[in-house]
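Engineer: Single-letter residue listing:
There are 2 protein chains.
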Amino acid sequence: MTATSPRIIAVDTFDVRFPTSRELDGSDAMNPDPDYSAAYVVLRTDAGDGLDGHGFTFTIGRGNDVQVAAIGALRLHVLGRSVQELCADPGSLSRALIGDSQLRWLGPEKGVMHMAIGAVVNAVWDLAAKRAGKPLWQLLGHADPEWLVSQVDFRYIGDVLSPAEALTLLREGRQGLANREATLLESGYPAYTTSPGWLGYSDDKLTRLAKQAVADGFTQIKLKVGADLDDDIRRLRTARAAVGDGIRIAIDANQRWNVDEAIDWTTALAEFDPYWIEEPTSPDDILGHAAIRQAVAPVKVATGEHVQNRVMFKQLLQAGAIDVLQIDAARVGGVNENIAILLLAAKFGVPVCPHAGGVGLCELVQHLSMFDYLALSGTTENRVIEYVDHLHQHFIAPVVIREGHYTAPLTPGFSATMRQESLAEYRYPDGTFWVADRAGEDAR
Amino acid sequence: MTATSPRIIAVDTFDVRFPTSRELDGSDAMNPDPDYSAAYVVLRTDAGDGLDGHGFTFTIGRGNDVQVAAIGALRLHVLGRSVQELCADPGSLSRALIGDSQLRWLGPEKGVMHMAIGAVVNAVWDLAAKRAGKPLWQLLGHADPEWLVSQVDFRYIGDVLSPAEALTLLREGRQGLANREATLLESGYPAYTTSPGWLGYSDDKLTRLAKQAVADGFTQIKLKVGADLDDDIRRLRTARAAVGDGIRIAIDANQRWNVDEAIDWTTALAEFDPYWIEEPTSPDDILGHAAIRQAVAPVKVATGEHVQNRVMFKQLLQAGAIDVLQIDAARVGGVNENIAILLLAAKFGVPVCPHAGGVGLCELVQHLSMFDYLALSGTTENRVIEYVDHLHQHFIAPVVIREGHYTAPLTPGFSATMRQESLAEYRYPDGTFWVADRAGEDAR
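Chains A and B, in that order, are what the protein sequence lines are.
If you count by our numbering, then the first sequence holds residues 1 to 444, one letter each, in order.
If you count by our numbering, then the second sequence holds residues 445 to 888, one letter each, in order.
Hint data in this document are derived by calculation from the structure and do not stem from the laboratory.
These figures come from a predicted structure and were not determined experimentally.
Ideal placement from N, C-alpha and C gives every residue a C-beta, glycine not left out.
Please note: incorrect hints may appear among the correct ones.
Cβ-to-Cβ under 7 Å is the rule here; a few derived chain B residues that face chain A [claimed, not checked]: (1) Ile-453; (2) Val-455; (3) Thr-503; (4) Ile-504; (5) Gly-505; (6) Val-510; (7) Trp-549; (8) Gly-551; (9) Asp-603; (10) Ser-606; (11) Asp-704; (12) Gln-738; (13) Gln-759; (14) Leu-854.
Now the stretches of chain B that chain A is said to cover, found in silico as 3 or more residues with beta-carbon under 8 Å [to be verified]: (15) 473-479; (16) 533-546; (17) 557-565; (18) 715-727; (19) 838-850.
Build the full structure now, drawing on both the sequences and the hints.
Structural biologist: Shown next as structure tokens:
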């Protein structure tokens, strides 16, 4: 290849679905039977260096095809772009995608279309980090604060965070970076585990997995709640007995309740000292979360995995509605918007404890928390990244958990690259797994 | 046909696009070149009575295919359903669609997937009204209050509006219904017109159309603003000179501004006595709208056409963020959710002035305002439905405007049915218009 100015020559999309519903992995009060899926995108270039940009939206099954179609609708903005320019300024693409006035009508900046933007923007960051030869957390952590500010869209958040304030936060955030980088490389970033707590699990399985979590070095676990109060009381008692008093137990209602129910139910579980109540109600209900937080303190209120964009996070912070902010790497408009959200959290001094699990969300979001530690908040105090032990084997560079910590990934990129074999097996509906599955059904 | 229990046997979808961008009709500060489009759905039955249910999502061009795909993803919930049961209880389908846990992940209740739900739910209401032999406004207006309450999903709004309160509002709302129905049938429902005010129009065209609007009996017009302040000052002065002091002039920024800009810009236009400022900032920014409202009074603050669901409207009302609530018939989850929103507005005493225009939005939303007048708020004081004089010719029963009022439609249904010829001409990309258009481009 002799291309002097390489271009994006293909935007390939894949509908990838894993049959997780068959094991009740991932079952909660709102999502009884998820089939963890990815609307997956690969940006291919003619650079001849073998480097592609990978990104995806996580979904839980049906509708993954709609999500793939939405990514496809962005193709015209990406094809033919200069790879060098894109990687030097992913924000330019982010602005072009968010600013497409016709596509904007389908949001704006929310739901299917916005998640599609996130997948494509994240794929650009994956490519940029691969070309830079760094894991994304390091690319971001080492980046010039002025440049990071240039990557943020201040529209609709400028009343609370100005570019000048953001610059100050990032400049101050760098102080002591070298020491923190050494710590990160040695000890990793704290994690908590949701693996014991799915609703579909028996009490015995809950006890066994909760004890295992403590033995594995986790200091926090999480239980799904919200389907049945008596069950929740029994399960929370079981979990507390299994882990003892020194371990934090977060609970997660996955939006099951109205405001009043959230207050009553959380109060009824308070004797087991839950650390936070996560998604007590609609992610859209800023004022509702504020009311719940007032009522259930000292239990903390956490949300974010379904919060659609920086405008909603801004208000959750303005309204004093949350104690814990849970970014998701693949829900909002990608890395650029997540930098904005991390800056907002830093300004308000609210700890960020990312949502993860699903397909590849752990792989992605670790980079954002590590950047935050390295060059923005500068602390891991009361900060933990969710960890769920599913589906990591499908990634080229899966997360590595050691002593309850995410070890810092060293592979260049955003850890988003799925194995070719996994794409071939689980592509829907024509991957080898699904073809065999249908053949088996026909045979029955 | 002898089917004793007719079923839904087909859910047909159409990607319909009109080349409106070529005339600058519909141009505003955020949407310079919209191609008004509909992701259109027809529910066909085996009842043998020739009645289909029609519904659609309005979009502005690119991405209409994604919206069609989202409607297609709902097909499994609709096919095979009993027509009688569906029409007797559209809320059962609404709950099934919103409650599909896998599809819910793509929102929840927002963006592409939620608008698709709205299109399908509205199609059921169209079918129900056709089968009842009534226009939808009359079907709703004559309906039993208990049944109307059963059609509302109180999840996430129960803290502000209980079923019992809703029932009281609807029972009280019926008092004097017969007189109001007579008034409606005689005089119609007040309208305002946006036709003079598109950004792409010259001052001469603005003056001519504004004077025409007054001559046609409108008492309110609307101007798009937000692209350039000096232009807006000149255009607003031009419009005020054209219509005089007795006519209300609303202004509409289409989300162009941050909170601070919205305050400054609106203040700079205050000398021309704008009646309301519409969409001053992000539709997601509840607290931002509240701050703007505080600052720009007595100019009123209006929003809603991009507000994603009842949870957001609930908070806009709780926060005292709006003076005028602008429902849209095809943005939220359909008639059921709009009943919830009308109930919330009635509880807070905030007037509803629907968004319309686009493709078929006038046709749909008139039914909701007329129901509100007939059986809920009981007044048209300070209430007007937007009117834009585009694309009505494509509908079987287009709106009829007389003396600045929407005349009450008498054709059974939701006025959603597009003409077959229009579908054949503007279906994208294979309709006759688009085929000829591409041929013309090739020839150039």
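Engineer: Taking the hints in turn, state whether each one holds.
Structural biologist: Hints, one by one, checked against the model:
{"no.": "1", "hint": "Ile-453", "verdict": "violated (22 Å)"}
{"no.": "2", "hint": "Val-455", "verdict": "violated (15 Å)"}
{"no.": "3", "hint": "Thr-503", "verdict": "holds (5 Å)"}
{"no.": "4", "hint": "Ile-504", "verdict": "holds (5 Å)"}
{"no.": "5", "hint": "Gly-505", "verdict": "holds (4 Å)"}
{"no.": "6", "hint": "Val-510", "verdict": "holds (5 Å)"}
{"no.": "7", "hint": "Trp-549", "verdict": "holds (5 Å)"}
{"no.": "8", "hint": "Gly-551", "verdict": "holds (5 Å)"}
{"no.": "9", "hint": "Asp-603", "verdict": "holds (4 Å)"}
{"no.": "10", "hint": "Ser-606", "verdict": "violated (10 Å)"}
{"no.": "11", "hint": "Asp-704", "verdict": "holds (6 Å)"}
{"no.": "12", "hint": "Gln-738", "verdict": "violated (13 Å)"}
{"no.": "13", "hint": "Gln-759", "verdict": "holds (5 Å)"}
{"no.": "14", "hint": "Leu-854", "verdict": "violated (32 Å)"}
{"no.": "15", "hint": "473-479", "verdict": "holds (count 6)"}
{"no.": "16", "hint": "533-546", "verdict": "holds (count 3)"}
{"no.": "17", "hint": "557-565", "verdict": "holds (count 3)"}
{"no.": "18", "hint": "715-727", "verdict": "holds (count 3)"}
{"no.": "19", "hint": "838-850", "verdict": "violated (count 0)"}
Taken one by one, the earlier hints fail for this structure at numbers 1, 2, 10, 12, 14, 19, listed in ascending order.
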